[in-house]
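**Student:** Read off the chains here:
There are 2 protein chains.
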Amino acid sequence: MEDVAIIGTGFIGRAWAISHARAGNSVRLWDQDAAATGRAKDYIAGLLPDLLKNDLLNGQAPDAVLARIQPVESLEAAVAGVSYVQENTFERLDVKIAIFQRLDSATPADAVIASSTSALLPSAFTEGLVGRARCLVAHPINPPYVIPAAELVPAPWTSPETVERAARILTEIGQKPIVMKREIDGFVMNRLQGAILEEAFRLVADGYASVEDVDIGIRDGLALRWSFMGPFETIDLNAPGGVRDYVERYQGLYRGLFASMMRRVEWDGPVIEEIARDRRAALPADQLQQRQEWRDRRLMALIAHKNRADRDIGA
Amino acid sequence: MEDVAIIGTGFIGRAWAISHARAGNSVRLWDQDAAATGRAKDYIAGLLPDLLKNDLLNGQAPDAVLARIQPVESLEAAVAGVSYVQENTFERLDVKIAIFQRLDSATPADAVIASSTSALLPSAFTEGLVGRARCLVAHPINPPYVIPAAELVPAPWTSPETVERAARILTEIGQKPIVMKREIDGFVMNRLQGAILEEAFRLVADGYASVEDVDIGIRDGLALRWSFMGPFETIDLNAPGGVRDYVERYQGLYRGLFASMMRRVEWDGPVIEEIARDRRAALPADQLQQRQEWRDRRLMALIAHKNRADRDIGA
Chain A
2 MEDVAIIGTG
12 FIGRAWAISH
22 ARAGNSVRLW
32 DQDAAATGRA
42 KDYIAGLLPD
52 LLKNDLLNGQ
62 APDAVLARIQ
72 PVESLEAAVA
82 GVSYVQENTF
92 ERLDVKIAIF
102 QRLDSATPAD
112 AVIASSTSAL
122 LPSAFTEGLV
132 GRARCLVAHP
142 INPPYVIPAA
152 ELVPAPWTSP
162 ETVERAARIL
172 TEIGQKPIVM
182 KREIDGFVMN
192 RLQGAILEEA
202 FRLVADGYAS
212 VEDVDIGIRD
222 GLALRWSFMG
232 PFETIDLNAP
242 GGVRDYVERY
252 QGLYRGLFAS
262 MMRRVEWDGP
272 VIEEIARDRR
282 AALPADQLQQ
292 RQEWRDRRLM
302 ALIAHKNRAD
312 RDIGA
Chain B
2 MEDVAIIGTG
12 FIGRAWAISH
22 ARAGNSVRLW
32 DQDAAATGRA
42 KDYIAGLLPD
52 LLKNDLLNGQ
62 APDAVLARIQ
72 PVESLEAAVA
82 GVSYVQENTF
92 ERLDVKIAIF
102 QRLDSATPAD
112 AVIASSTSAL
122 LPSAFTEGLV
132 GRARCLVAHP
142 INPPYVIPAA
152 ELVPAPWTSP
162 ETVERAARIL
172 TEIGQKPIVM
182 KREIDGFVMN
192 RLQGAILEEA
202 FRLVADGYAS
212 VEDVDIGIRD
222 GLALRWSFMG
232 PFETIDLNAP
242 GGVRDYVERY
252 QGLYRGLFAS
262 MMRRVEWDGP
272 VIEEIARDRR
282 AALPADQLQQ
292 RQEWRDRRLM
302 ALIAHKNRAD
312 RDIGA
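So the sequence lines, in the order shown, correspond to chains A and B. Residue numbering for the first sequence follows my numbering, beginning at 2 and increasing consecutively. Residue numbering for the second sequence follows my numbering, beginning at 2 and increasing consecutively.
Okay, chain A solo, but in the shape it has when bound (with noise of 0.2 Å):
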């Protein structure tokens, strides 16, 4: 079990709170508005019986989970003596480097502090620490309690024990770490929605195929596979031979598609004038919030079956 510190109590640092509580870790909360860790803890005990209904608790009671969240009033309370800490805060570069300074100056030596940035690389708030070396992002798609995946992504001082305990530490609360080897701006996961996204676009502004089209062909055909097996891994079993026979087969095909890809659509032009007219229809406005209700608890019944499956067929 770890002490952990999460540094910012919005909605990401309330998701990462859970995650570790829910494992056992110790979790101490801090944020700069004073009042934020405590509306952070009353938001988290209201959904953590939702979470239980779901099979989302390993079996423990709201109670004991919540019991292990803990507001503190400073940031050196919050990371006294922890060995994880997980920061939080705006996605401004310098918000970033003050908050690093603050955090680098106060918790122990031997402790990994790791930011939940999407948008920076670690090396542009980073390089001037003295613990520069334990310091990465460690960026989650949310809610990180129930999306297991979660980039682990080191600035080029940070040192290979860091990303390991890193990686060690998320595995043991549940996450699936992605490790990356060195930074990238969009890291893996939003380089990967990216490149789909850009065909997605070109694809409507060119004529071919509406907003729905390109939705069924992901919802109810590609990501289906992916779902439970990740792209390599599908086309790996999509050719007699495995992947090297799959590449010798279709890679022709790509090939050719390449050349029309290369061309960017701009996706605030003409087309998302059809996309939001197509949105909207098949979804108003002021039914948006009730629809991200559906969506999370999709994604919990579709957790809760992916264990499932694991277990009685295999992972």
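You can trust all of the hints, since none of them are fake.
Covered by chain A, per the in silico footprint, the following chain B stretches (three or more residues, Cβ under 8 Å):
| # | segment |
| --- | --- |
| 1 | 142 to 150 |
| 2 | 231 to 243 |
| 3 | 256 to 266 |
| 4 | 288 to 295 |
Part of the chain A face toward chain B, derived, beta carbon under 8 Å:
| # | residue |
| --- | --- |
| 5 | Ile148 |
| 6 | Ile185 |
| 7 | Gln194 |
| 8 | Ala210 |
| 9 | Val212 |
| 10 | Val215 |
| 11 | Ala224 |
| 12 | Leu225 |
| 13 | Trp227 |
| 14 | Pro232 |
| 15 | Gln252 |
| 16 | Tyr255 |
| 17 | Gly257 |
| 18 | Arg298 |
| 19 | His306 |
No lab work stands behind these hints: they were computed from the structure. Backbone N, C-alpha and C fix where the C-beta goes; we use that ideal spot for every residue, glycine too.
Put chain B on the given structure of chain A with help from the hints.
**Tutor:** For chain B alone, coordinates are given in the frame of chain A:
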């Protein structure tokens, strides 16, 4: 109910036969290899109990489904009186041109003739036909009796009525048709798959992430939401004001990534050595077939889960 002809009874033809017969359509099988239709029916008979077990026969007994599938000895007997033909011969242009000439001559003038081709544009093998207006591509992801998405691709001369009838017939047998407005290489699904695979190969080739890390990012990350929403609904729900708000907030991030996506890495270059090594370490070659059977069981369980969640939580 429709009378349907399946032309070519390899893996794809057999799978279409199951989709149609399960929905109550009357199916005739024909193959240029006279022994192939009998083998196809035997194969289907062996598979139906598995589908029953996974609740994929709409509550019917395997024998009731099987009784709707009839091997016949000539192409003419297969198409006599049908309203829909699904062609599944070899993926070679000369083969497609020849079979479509025979089909167009023999099939009732008001029937739809659809090809399962994944690699050829419909304009390439239907241009010279008298009945070219009733020809199109209906490309499944295999197997269509499990995976709903199927692409309808018109040639420039395919009539709107043909597309509409094909969409209706596929919808009635439980597929989710993607109705393309015009043809393009790769259609919708292979283009989306190509976009993500190009980025996946680049990330591995450039030393940012491992094969398994890419698969985690999709399997335990992005594809969870995609598997019940698709990428457009996903971003529509990822900003408070919907998709227009999402584009305003995040297009800058994705635009910044695009420049580095315009370079293609050869899949059979040095990177295939790492990918093949990692995949064969994860799954020895002699276990590929067993793993394909695992994939099919997981797919069926996932579809059963989605059907339940559509009912219980909402689609």
